[in-house]
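Okay, here's what each chain looks like letter by letter:
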Amino acid sequence: MSNTTAPAPDAGKKEKKRSALAQELLVPVLAVVTGLIVGAIVIAVSGENPFVAYGALFAGSFGTPADFIEGFQIYFSTGETRELVKAIYPFTESLVTATPYIFAGLSVALGFRCGLFNIGAEGQFFIGALTSAFVGYSLKGLPMIVHLPLAILGGALGGALWGTIPGYLKARFGAHEVVNTIMMNWIAFKLSDWLLNGPMKASGFRPVTPNIEPSAELPRFFADPLRFNLGFFIALLVAYLVYWFLFKTTLGFEIRSVGANPDAAKYAGMNIVRNFVLVMFLAGGLAGLAGASQVLGVDHWVGQGFSAGYGFDAIALALLGKSHPLGVVLSALLFGFLRSGATDMQSMARIPIDIISIIQGMVIIFIAAPDIIRWLYRVRAVKKEETVLTRGWGK
Amino acid sequence: MTNVLELRGITKRFPGVLANDKIDITLREGKILALLGENGAGKSTLMNILYGLYKPDEGNIFIRGKEVDIHGPNDAIAQGIGMVHQHFMLVPVMTVTENVMLGIEPTKNGIFLDKEKVAKSIREISDQYGLEVDPHAYIKDLPVGIQQRVEIIKVLYRHADILILDEPTAVLTPQEVEGLFKIIATLIKAGKSIIFITHKLKEVLAVADDITVLRLGQVVGSIDPKKATSEILATMMVGRDVNLVVQKQPAKPGAPVLVVENLYVRDERQHMTVQGVSFDVRKGEVLGVAGVQGNGQTELVYALTGLLPLETGTIRLLNEPIRHTTPRNILERGVAHIPEDRQRHGLILSFPIHDNMVLCTYYKPPFAKGISMQEKPIFSNAEELVSQYDVRTPSIYVNAGNLSGGNQQKVIVAREFSRPIEVLIASQPTRGLDVGSIEYIHSQIIKKRDEGTGVLLVSSELDEILALSDRIAVMYKGQIMAIVDAKKATKEQLGLLMAGVHPSDTSNKN
Amino acid sequence: MQNPNTLISSAIERRKRISYGFVLLAVGLFIYLLFGLNTQAGVSTTFGLNLAGSQALKVSDLVVPALPVVYAMALIVVFAGAYQLARGVRNTSWLIGILAFTFVVSFLMWAAQDKSFNLTGMLSSSLVRATPIALAALCGVISERSAVINIGIEGIMLMSAQAAVIAASLTGNLYIGLFAALFIGGLVAALHAYLVIRFKVDQVVSGVAINIFGTGVTSFISSRFLQSAGANLNNSGTFPIISIPVLSKIPVLGPVLFENNLVIYLTILLVIVMHIMLFYTPWGLRTRAVGEHPKAADTLGVNVYLTRYVNVILGGVIAGLGGAYFTIGSVGRFDEIMTSGKGFIGLAAMIFGNWNPIGAYTSSLIFGFADSLQVKLQILRVPIPSEFLLMAPYIVTMIILTGVVGRATPPAADGEAYEK
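Residue numbers (our numbering), protein chains in the order written: chain W, 283 to 677; chain R, 83 to 592; chain B, 849 to 1268.
Keep in mind that the hints were calculated from the coordinates and are not lab data. These numbers were taken from a predicted model, which means no experiment stands behind them. For glycine and all other residues, C-beta sits at the position ideal for the given N, C-alpha and C. Accuracy of the hints is not assured; some may be wrong.
To give an idea of the interface, some chain W residues facing chain B are shown, with a C-beta separation under 10 angstroms as derived from the structure [unchecked claim]: (1) 458; (2) 461; (3) 652.
DEER-style ranges, computed between Cβ atoms [said to hold, decoys possible]: (4) 1046/B - 147/R: 38 to 44 angstroms; (5) 1185/B - 354/W: 42 to 48 angstroms; (6) 218/R - 1088/B: 46 to 52 angstroms; (7) 569/R - 1046/B: 55 to 61 angstroms; (8) 874/B - 507/W: 57 to 63 angstroms; (9) 304/W - 406/R: 48 to 54 angstroms; (10) 523/W - 1229/B: 46 to 52 angstroms; (11) 189/R - 1088/B: 35 to 41 angstroms; (12) 1267/B - 314/R: 36 to 42 angstroms; (13) 874/B - 192/R: 53 to 59 angstroms; (14) 481/W - 1090/B: 44 to 50 angstroms.
Bound conformation, chain W alone (with noise of 0.2 angstroms):
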């Protein structure tokens, strides 16, 4: 039998292709309405109103409209700022705090197009903290251009590092990189406790680092209390970098091929097992990018604990943005928005921030089944290739 389907015409392209932009936002969108939805059931059944607590969630997130007329109004009649950074802050330490899971969210994203499931995140976002937070405090009297590059660097060969271990393990024997980093998360933990009670800890009685030098903090565009700097910037070209390498280059073709089909791969003479390291190596080091923006452009420091979540939440992220890096930048600004809005939403309205990863847990079942958020809101199925994301145990 052949395929005899008619050849669309040329000028329904565009229609269509608006339409299958519709379509592929369509299930995401919704996912997340419903996520927040369960979230909200959750939150009255604790006792509490849903529409005071979303309600704070969105003041904490994007600020209020008030603050902000009242803000403007104080600094066009006085030239007085203090009530404008007021009005803005809740918006830019939104912005700031999507930084990190952009870079996360890109780990894991790009673990997903070549089939390997980067569970890892975590962990290498908390090397690349401490080998950015050690380069940025230990190396002293170098130039700003010098100092922050390779401050920014060797977060991301820390987390590198953290990555390719898996991968090799995966590589060369099979074993799953689902286990292996989740094991190489606890082992991060452990030698981060005692890196901060030992070799890196500052003088004092915290088991923390020293403050990094000045000349390696990324540089902030406003004033103290304002944290938003450059790293947003640094994550939005990197985005782009990641897009241009999946899309655009041969080994991006290379990694596509081998999630896609890794036997279909090696026939072709592509090198599964050197994919399957580089990967990793990469994603390993965006992750350690995340963690070294969060130090070099917010903290300065880094204390225990210090990664809590991003892991988990730049899963939710990349499934969210189907593994694409404009995708993952849009879910992280989601995801920066709805952390940030919560930690006001935890104090005004005492709903602990854990909210936020019942919501994302649906999200990924939403995400990861369609069905159900095509069942719940009575959309049509469009039929579509299915991404393998996982293979057993790497038979």
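We have chain W already, so just place chains R and B on it with the hints.
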């Protein structure tokens, strides 16, 4: 004489395909009904409906004149229907007994499996029908022919009296086919009725009492085997006159391009599946490798294309040895490979056609400059090849997974033939394709041969080997039994070799 | 003519023989250099064989001269290495056993030199610490034998641990707590089964979602309800130790095996029952067939989906028992993320145990041993930072997954959705 089984107006639709269109068939008691049709004609779908694996959209099933509803294999089994599937439904890591008892396990004390009881029943069935097998052997240790016996025993253990045999000869040597026909005769004598599904004309003529031919999901007609000939059946099956012989000129072989000496290869499970194979392929000839599937052909091809490492021995490509080389190195040295499993190795189904067309050359100019891929040449390359090789597709942006099997194979052939090549390794190049695509692929292979390419053709279809080859090597248990001249080879001689018997051995005995 | 097949396999065996031999020799040297040279001559190590508060008959402690034993261990390994180089043994798992044994013994000699070390206590705590790992592993075995990967065990255990402590605290009845844990375990596993069977969600993705959800929901409940002052929801007490009459009097073995709480006895019972069920009953036959070749099972009228639902849910109930261990089975309260990766270590134990209940339990014991060794060593003030000792179970897991120590084969259809 009564009709044990009647199917009336069976219709089954899959998304985009009408697999069965108002099909009527009738099976007479104690007779063999052959269901003939080429790949994709809807035979297997029909039988899966009868066995309860698919639900028909329309139509009725009558058993001994009574209408029945079959919702699952359990219902089919209860109605006395048993099916021997084309791909054996056996669990390799379990014993014969365990496989036979699965689903209707007798127990001791209501808790523990009573394997001895089942083993005893198996021995009784073996004796009654001449189906000899060790009940305690593991399936994975048994040859394909014996595994088929286990499948038949499974059906008989469930007291089936209507047996469906789906392409039962596909994996057998000609002599094993003879053995199967004897078993079928015994079964008929014991009062069973059989539906025999195949696309092989000669087998139909050899065993059938009735013949029903299917094409594109419809019944073309039924015919009495006494009045039928291969030509009539072929025309009914394909819908036009079929040229059963591939047109080709005698080969003009040149110097050897691929020389293999004393090759040993282990498969992925570390079994030595190729054991001391030697042969050469010369410029401008087709060397066919015949053999029952699973005798080391797959691993031989994998070793030649770099997908498996060689244990010992040498492979020389254009006089240069291959050892510890990568698949890419071999590709670049002028080897084209049409892989056995086109969806596993040959294509990335989720990639568009234009990317599949450059799967092996994406890193070379003009498709890439440095590491940057160049869309324009990739697209124009695909457009060119799609029209040159007559790939039926709406556009080059369609994913390979949305093409039909024949068109998928054409994409692979187009890609492989568009590179400069010295050697073509074609493994089961027409498996599962319709006759039109088969003819096209065959003519392309012969064309390549005539252009001076050395062709290694691996196929388990003896007819294909005989039609295309200039010399034929027969593989059995990882070794080459003999290499014979295709012009002088007979099916019987090849069949004996495929079963591991040297014709000289038998003549000595006689 | 020599059979070329045997010729070639012997070449490979020779390579393997030599590499194993050299590894053994290196380890012998390592033991000598690291432990032998750092152990004082003439000093003894005392191994306590009595457990305080135990009903077992008292026996005298084992006192051994440290240095000679270390030397003996080094010699045994070197001898084994030399024998392997010269002759070679077919069953290499013996060599690995010798290697592990000598290394651990000489390590203990060095670590506990001139001190007392309670051996019975450590074996007992190994068994206890192995329990949650074993239950996670058994959950993995029963699900994966029917070809469903459950990587969400960690999340399931967290949720049932919390459910157990809350239910038990509310009602004051530990058995109601246990029931709550089993119920929640089964419920969450049923959700996993529903997602991967009905909606064909990628099994690993669904498992990860369950882990994230489990961490989130338990932390949410914990910080919202359990930590607030006045609420008495996080104080359940634990199952009492049950001493089995007579048997618990046996020295060493008694305190280790026969003075435990309900959860630990249930675990051991479960291992035996699951082994029998899996290999000697119709349910087991069907389960294994569904895991290896679901289509074959389907054509014989075995309901593939139903089998998978049942197995995954039973696995969830077992993981629920594992969750109960963490709270009402050991400390009587819930802490955030208290499972600390035990669910994943359980999966490694399952793989190392070759998807067999007994194998999985045995390898869980090894993890339990490593875990309790690490605790004892901290008490002994061994000059190794405790953080590094804490890493040991995770590193062992990674080594096991490389398959260098015995390669295991998963069920053939493991992780694949079944389409009719």
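Do the hints match the structure? See the list:
Taking 10 angstroms as the C-beta cut-off, the interface hint given for residue 458/W holds, the closest approach to chain B being about 6 angstroms. Annotation: residue 461/W was flagged as interfacial toward chain B, and the flag holds, the nearest CB pair being 5 angstroms apart, inside 10 angstroms. Hint status for residue 652/W: holds, given a least beta-carbon distance of 9 angstroms to chain B, under 10 angstroms. A hinted range of 38 to 44 angstroms for the beta carbons of residue 1046/B and residue 147/R is consistent with their spacing of about 39 angstroms.
The hinted range of 42 to 48 angstroms is satisfied by residue 1185/B and residue 354/W, whose Cβ atoms lie roughly 44 angstroms apart. Taken as a hint, the range 46 to 52 angstroms holds for the pair residue 218/R and residue 1088/B, whose Cβ atoms sit roughly 49 angstroms apart. Residue 569/R and residue 1046/B have their C-beta atoms about 59 angstroms apart, which keeps the hinted 55 to 61 angstroms range intact. In this structure the supplied range 57 to 63 angstroms holds for residue 874/B paired with residue 507/W, their Cβ-Cβ distance being about 58 angstroms.
At roughly 52 angstroms, the beta-carbon separation of residue 304/W and residue 406/R lies within the given 48 to 54 angstroms, and the hint holds. The hint said 46 to 52 angstroms for the Cβ distance between residue 523/W and residue 1229/B, and at roughly 50 angstroms that hint holds. As the Cβ distance of residue 189/R to residue 1088/B is approximately 39 angstroms, the hint placing it in 35 to 41 angstroms holds. At about 39 angstroms, the CB distance of residue 1267/B to residue 314/R agrees with the hint of 36 to 42 angstroms.
The hinted range of 53 to 59 angstroms is satisfied by residue 874/B and residue 192/R, whose Cβ atoms lie roughly 56 angstroms apart. Separation of residue 481/W from residue 1090/B is about 47 angstroms and conforms to the stated range, judged on CB atoms against 44 to 50 angstroms.
In summary, the structure agrees with every hint in the numbered list given earlier.
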